[in-house]
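Trainee: Since the structure of chain A is provided, determine the placement of chains B, C, D, E, F, G and H on it from the hints.
There are 8 protein chains.
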Amino acid sequence: MDNKAIVEILKAVESGKLSVSEAVARLSMCYESLGFANLDIGRGLRTGISEVLFCEGKTRDQVVSISKSILKRNRRLLATRADTETFKAVKRSIPKAGYNETARVITVNPHPRKTKRRIAVLSAGTSDIPVAEEAVATAEFLGNPVDRVFDVGVAGIHRLFGHLDLLKQANVIVVVAGMEGALAGVVGGLVGGPVIGVPTSVGYGASFGGIASLLTMLNSCAPGVTVVNIDNGFGAGVAASLMNAKRT
Amino acid sequence: MDNKAIVEILKAVESGKLSVSEAVARLSMCYESLGFANLDIGRGLRTGISEVLFCEGKTRDQVVSISKSILKRNRRLLATRADTETFKAVKRSIPKAGYNETARVITVNPHPRKTKRRIAVLSAGTSDIPVAEEAVATAEFLGNPVDRVFDVGVAGIHRLFGHLDLLKQANVIVVVAGMEGALAGVVGGLVGGPVIGVPTSVGYGASFGGIASLLTMLNSCAPGVTVVNIDNGFGAGVAASLMNAKRT
Amino acid sequence: MDNKAIVEILKAVESGKLSVSEAVARLSMCYESLGFANLDIGRGLRTGISEVLFCEGKTRDQVVSISKSILKRNRRLLATRADTETFKAVKRSIPKAGYNETARVITVNPHPRKTKRRIAVLSAGTSDIPVAEEAVATAEFLGNPVDRVFDVGVAGIHRLFGHLDLLKQANVIVVVAGMEGALAGVVGGLVGGPVIGVPTSVGYGASFGGIASLLTMLNSCAPGVTVVNIDNGFGAGVAASLMNAKRT
Amino acid sequence: MDNKAIVEILKAVESGKLSVSEAVARLSMCYESLGFANLDIGRGLRTGISEVLFCEGKTRDQVVSISKSILKRNRRLLATRADTETFKAVKRSIPKAGYNETARVITVNPHPRKTKRRIAVLSAGTSDIPVAEEAVATAEFLGNPVDRVFDVGVAGIHRLFGHLDLLKQANVIVVVAGMEGALAGVVGGLVGGPVIGVPTSVGYGASFGGIASLLTMLNSCAPGVTVVNIDNGFGAGVAASLMNAKRT
Amino acid sequence: MDNKAIVEILKAVESGKLSVSEAVARLSMCYESLGFANLDIGRGLRTGISEVLFCEGKTRDQVVSISKSILKRNRRLLATRADTETFKAVKRSIPKAGYNETARVITVNPHPRKTKRRIAVLSAGTSDIPVAEEAVATAEFLGNPVDRVFDVGVAGIHRLFGHLDLLKQANVIVVVAGMEGALAGVVGGLVGGPVIGVPTSVGYGASFGGIASLLTMLNSCAPGVTVVNIDNGFGAGVAASLMNAKRT
Amino acid sequence: MDNKAIVEILKAVESGKLSVSEAVARLSMCYESLGFANLDIGRGLRTGISEVLFCEGKTRDQVVSISKSILKRNRRLLATRADTETFKAVKRSIPKAGYNETARVITVNPHPRKTKRRIAVLSAGTSDIPVAEEAVATAEFLGNPVDRVFDVGVAGIHRLFGHLDLLKQANVIVVVAGMEGALAGVVGGLVGGPVIGVPTSVGYGASFGGIASLLTMLNSCAPGVTVVNIDNGFGAGVAASLMNAKRT
Amino acid sequence: MDNKAIVEILKAVESGKLSVSEAVARLSMCYESLGFANLDIGRGLRTGISEVLFCEGKTRDQVVSISKSILKRNRRLLATRADTETFKAVKRSIPKAGYNETARVITVNPHPRKTKRRIAVLSAGTSDIPVAEEAVATAEFLGNPVDRVFDVGVAGIHRLFGHLDLLKQANVIVVVAGMEGALAGVVGGLVGGPVIGVPTSVGYGASFGGIASLLTMLNSCAPGVTVVNIDNGFGAGVAASLMNAKRT
Amino acid sequence: MDNKAIVEILKAVESGKLSVSEAVARLSMCYESLGFANLDIGRGLRTGISEVLFCEGKTRDQVVSISKSILKRNRRLLATRADTETFKAVKRSIPKAGYNETARVITVNPHPRKTKRRIAVLSAGTSDIPVAEEAVATAEFLGNPVDRVFDVGVAGIHRLFGHLDLLKQANVIVVVAGMEGALAGVVGGLVGGPVIGVPTSVGYGASFGGIASLLTMLNSCAPGVTVVNIDNGFGAGVAASLMNAKRT
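Protein chains in written order, with my numbering: chain A, 1 to 248; chain B, 1001 to 1248; chain C, 2001 to 2248; chain D, 3001 to 3248; chain E, 4001 to 4248; chain F, 5001 to 5248; chain G, 6001 to 6248; chain H, 7001 to 7248.
Honestly, the hints are just simulated from the structure, not real lab data. There could be a bad hint or two in this list.
[Said to hold, decoys possible] Here are some, though not all, of the chain G residues that point toward chain C, as calculated from beta-carbon distances under 10 Å:
id: 1; residue: Val6024
id: 2; residue: Tyr6099
id: 3; residue: Asn6100
id: 4; residue: Thr6102
id: 5; residue: Gly6125
id: 6; residue: Thr6126
id: 7; residue: Asp6147
id: 8; residue: Gly6203
id: 9; residue: Ala6206
[As the list claims (entries may be wrong)] Sample of chain A residues with no beta-carbon within 10 Å of chain F, all distances over it, derived:
id: 10; residue: Met29
id: 11; residue: Val52
id: 12; residue: Asn109
None of the values given here were measured: they were computed from a predicted structure. Even for Gly, the Cβ is constructed at its ideal location relative to N, Cα and C.
Extracted from the complex, chain A is given alone in its bound form (with noise of 0.2 Å):
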């Protein structure tokens, strides 16, 4: 399927051959085969979140490429695990880039504010704030207004407690943790709206690269709370920004 199908569609809804229901169906389908890649072009309409950039594993002259194709295509761009040259490479193509350091996150067009309901992200410790920034960085990104309550971690209990209002004011809680992950079930047995676990791989020795937070999170007698992979502070906040809308 290449660019001529997709004018194609766009014509005959013009001529009203084709009803825009339709045509947004058959979108949704589409993509672009480049050889070496078939770009997702349908993903925006169908899930409302269009392709996202991962950086690590790529070089910066593929990164700057990528960016810049898919904002010929979406008019915005959210990379994420762009370490600080990646970003400065980015910055000279894209000069309107943005760029969320500690996330390692880049930006550019974010979505508008779409809602007023709020999206808390709490993070265990201070070394979890990176994945905890990510999570963050795509749900604001994605047009949330999102509340950081950091380092509440469950040795020192009553911090939590003290942002308890904030808490039940959230729509939607993301609880990055890492070493024993014990915070999502503490959170998710006071308060009654969706919880997503993302445990992260801080810790040594028995924490086995995140496993056992992983695991802790999965166990949480607290029912409602669900898990992300190990460090995918991007896909939680793409949940939760899901959650947070009104579909119907």
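Mentor: Using the frame of chain A, we list chains B, C, D, E, F, G and H on its own:
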């Protein structure tokens, strides 16, 4: 903390010494000491979902006794992992108890329908249906309209496409899958709402009791997929209900 | 080494040829060869705790016979993992034997109360109580006053706070928890004495027979938490008793 | 066994003392002792595929020297896991050596095209392409026509359906996928030929270096899917070539 | 999609409105909704192998009922993991059902012999024979001539060499092995066709239910060996049949 | 909660409006919000041990800045996992900082000696000494007299027996061991006080980064042995100090 | 290969056409095809130890039938993992069969004593005795004098020292231990002969069915310790016998 | 215990107050306290093999200093895991030090040849040679004649058969193999002496750093195979030497 404390809170409200909102806050932190247990009376107030009875590993007498004690306090009952004999014992004491045999779930006084937004529960195979039904029963008990789409695993992926309209109308989707567990990611790439993956222990050999499916779902390429524990249909039902509720 | 050797040591003390302290040292290294076993007679002298009988995997006849043989030498008996039928068999031979059915522990002539310092044993859920009771029974057998605080898991963390005074007065705290196992770390961050975590095999799916809880406790952010084997209430009871004793 | 033995076999054929078929049988069991190695000279005769050079963990000098020694005996060379610097060193000694940089594969005198039956090599993502290219390069070296279908992972499953005709015309299909690895099972349910799954180490966190993808493929609901080691594009290329050959 | 849809497709062919090839394409995407299941009617058309019945975990009544339903649609039946009692129940309803007791496989109307190319199925030990027989029964049901070579494990490797001629004449070889699983790699180094390894759960201790054998086969030094799930004789039989078929 | 709140508590004490014991309770629940962190000011009051600085993964500037901030509040500082360059940076800002290079521990104003009861720290090998020294430095910082007994692993068990008197005089024993980790159980069988096992990551191959040693210690036949995380000398030092303190 | 082939080899010896040494070489490569099995007739000649019968998973009839068939060929029989009922069935057919009930081993015509060099078999606990007895029974069957030293685990290490003379006189030592498995390394550091470690599945929780003990033994600091599979007393007995034999 | 104690033992022998055999017993329990280490002086007397220096993780200065200290006491030195630079540093201080670069082993004054019985060391691939050479160097240092048979893995099993005579003449066989590790079991089924398996970390993907090979060897069907830690050529060399010695 005992019943007397609760009575005192209520009397203080009656006499105007305590505002209603402050009374709710205090009651949400109530529990009842029974010596061997501390019933979490405030859970319903805090999280919107009262304490649920997990029957596995309990004797029939214990299940009956706890069921009655929960009903006295909450007027409703959800009891999971209950076999047929257990249900019969409960039925003798609580004649209006209902039972979903496949889901192994006992319910009394389910919540009335709270919303028109629908939850879809999918299963990859027919062996996954008991876990899927546990999710269905839980979500329905909590007042949600639920659609079942069973036996649409990726080995015959066209079966899924026959139900795309239903999926797109769902506000939240629960995907229950054992063996390879690939269905969650496929669905996550097709629709624009939150997707909750429930790995099951269905399979043999290198399925390792559900680990294969769990890892597949955690590594889903489609962002927005979150995961609960293996065979945890109940947890998925609660999480889906929380996501389906309008909170703010 | 046989009984004759022991008799000779004692005769040497009697005759003044051997000092009492030297005799203790020698006796603490005694054992009795029974062909299929080498009873460690000196263990009580070396470690303060005589050999304990682990009943699992032994026939009722073996348990009775070893119980009588231990009693002949030590005057006291602690037998763990004993089911009801085993206890009945022991009771027929040793009428004064006592039994804690939940803990599955048989005792004869427990140590008299040795100290006023108290040990607190906490359980996260009601399913963890059998392991917690094993810890209680062991610590009480060894002469310690013990307080139970059951069903205070993190899904309703306010229940724990209702018992803070009791926890602060405890000299040693044992925390028994399955599933997510988060309670040990929360307690470790609240009090200033040693906390012993006992993971249990309670749970399903990704609890992996207690691994989830074990890893959580090993990764506790609160320093001072130490851990024993999964379901090892006995070991926790012994460790707590050793920590509770005034040695120097 | 040394060259002399081989010479004797050939002389015996020449003089009519040994039939050709018996000589093939004996030669297929030949090897050459080099002290530190026993080159398996007969492998090509036995299995149709001569010894291949795995460059990882070898110095450039070793690679050059072994390459020349293989070429002397086999006239062809396939060397895998070779970085650019290694290729340059080989090129200086063997000017006609070719290189697929993405696949990291060096070839000399590839086998001429043996068949019209085609092999299709699919990748789920763009990060899986190096492993996919290793499979392509191997299968092409062995004389097979190969089609590439890259970046058609299940998060945008419609991209796969755009290539169904090509898949149906393939005699053997190799599916290369990291992260969730679900593509192999989807393809296995769509087509009627053998499907070889190659899990890759692409991913992070709970992908555990490819274990997640490996387990997914082993648990594929679609029968007929077989699997090779993580990142083993070479092995998949050989297996596909063997399946593509007409043997009887 | 229901039977009516299928009838319509066929009527369109009858009336000449639909070409045969297009009708095949549409039928291959058919399924039948039964509420609790979506029977994949098109599987046989898509992949050449109709839906197979996995009996484990199903009641005898369910097996009989599904068997009859499959037969009505496909004229043939393959049911795996069926114990003797299950077979007897099937036999009462379907008198012409056959049974391979060792393989635990029920068959009705096996495919007629399709090819002269032979498949060889090897087992390392006698305990691996049930899994090997499942592979044999599956491949024979699908119309392939099969040779058995059992009990030729590497602890007495000369037994394998006594069957070399048979192995060399096979078009595809299935190797079934538990414990150390080494036989697959040895065979892969001796012959020139595709080798499918089937690890079994035979063994104890560090065989870990087949993991040892699975890893051995995945790490085979002989290229061309591919692997299926532990104890998956059925999958190996299907894969071998696909490889043995002339497709193009 | 900010400094103002703390000041208010203290003023209330000054003015007699708040009792001292109530003020301690409130202060023990204090924390200071710094935006990116919530310093747990009350930890020292709650648990007897103030917040400790874990340097790994922090920049030198961060370590210096946090060190100064902790010192301002607590007058004492314990910083673990600090390399030589980090210490030099700290030393420039805090001239009285001390350093144990083997333990990689920085201290300022260690607690004065609190007790005559001694802690013994054992290491199995010389490679385990860095972790053992971390335990020593931590316990000494907290005011305990400590004895070192290094290189007494079970491969030369007589070396341990040469130090039996010292072990018997210790109130608490810490045993640090990698590889097989057997020393903890041997010591636990010889003495009558609490034994804390610290598995280390010393070893290779099947030591799996300390898992072997961790499992050995968790399975210790000698009751009374408790375990901390792999390489967690600091945690063992804290636990030993808590056990060594007279609380009641 | 069948009996006829064997008869021919023997006739060739008789007639002087084949030297005895060449006949041994040929016979050592003999096997007997029984359709479902290839009996490895030459194993005794090749390795000194004839085929042994592993009873687990075989019916009583199969055990009796194979026992008789082995006896016909080898005059001796060793059958392991045989329960009491199995032995009774064998005894009815083979009246002179002997049985070690603890070891679950059946023997007929054990090898006569071959050497004066002694093998010592140690067990750490009494629960390890069945595995230890399997090693004893195997080594004795093969003609070795064996000494038992049971119940000398490291929790009471002085019991081991009471048997040092016996250990020093042993030519080979087998150490059987579950739980922590530390005894193998301690023994390896005390004596100067080969030590074979046999981990057992005795234990619970984090013993993981013998993994803990297996890892301990593999990581033994004392060089010279080698290890067999979990619970493999038979393998240890064979290995000890091979080490005890004078070969050259 | 210090040098003075040793001197006293020797003086007592000189003066006739202590028999030689008693003096050996006492000296075998000697060690030298160096503060940070307890050198196990008696190890050579107890086990026949003096303390060996493991260089990995030690600085060059430490290696040189410990080497000189061992030489002063033992006249011989074996140092393993030493890189070229470390050897050069040792060579400057100890001019007669020898080096096997592949094995990374330094030796001084190897033991003179003690026996005519030969040890064979096999490697499956060329990448396994460094570990195999460590076994060779160790066994030769200890006075054994050793034969190398390298690169005879099961992918070309006929290469092994070309060396059968050499294998049959060996008194002990060490088999070093990574990846699938199948060679140990094949050899164990062919010869009649003890076989020591050494798994190596050679491989990638599902070899999991040597776990695949380790499990293969532990599950060997050929009885008599024992196993050491992954990459532990040194341990295999020591074990082989102990098995090769005539003790009684």
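Trainee: Tell me, which hint numbers fail for this structure?
Mentor: 1, 2, 3, 7
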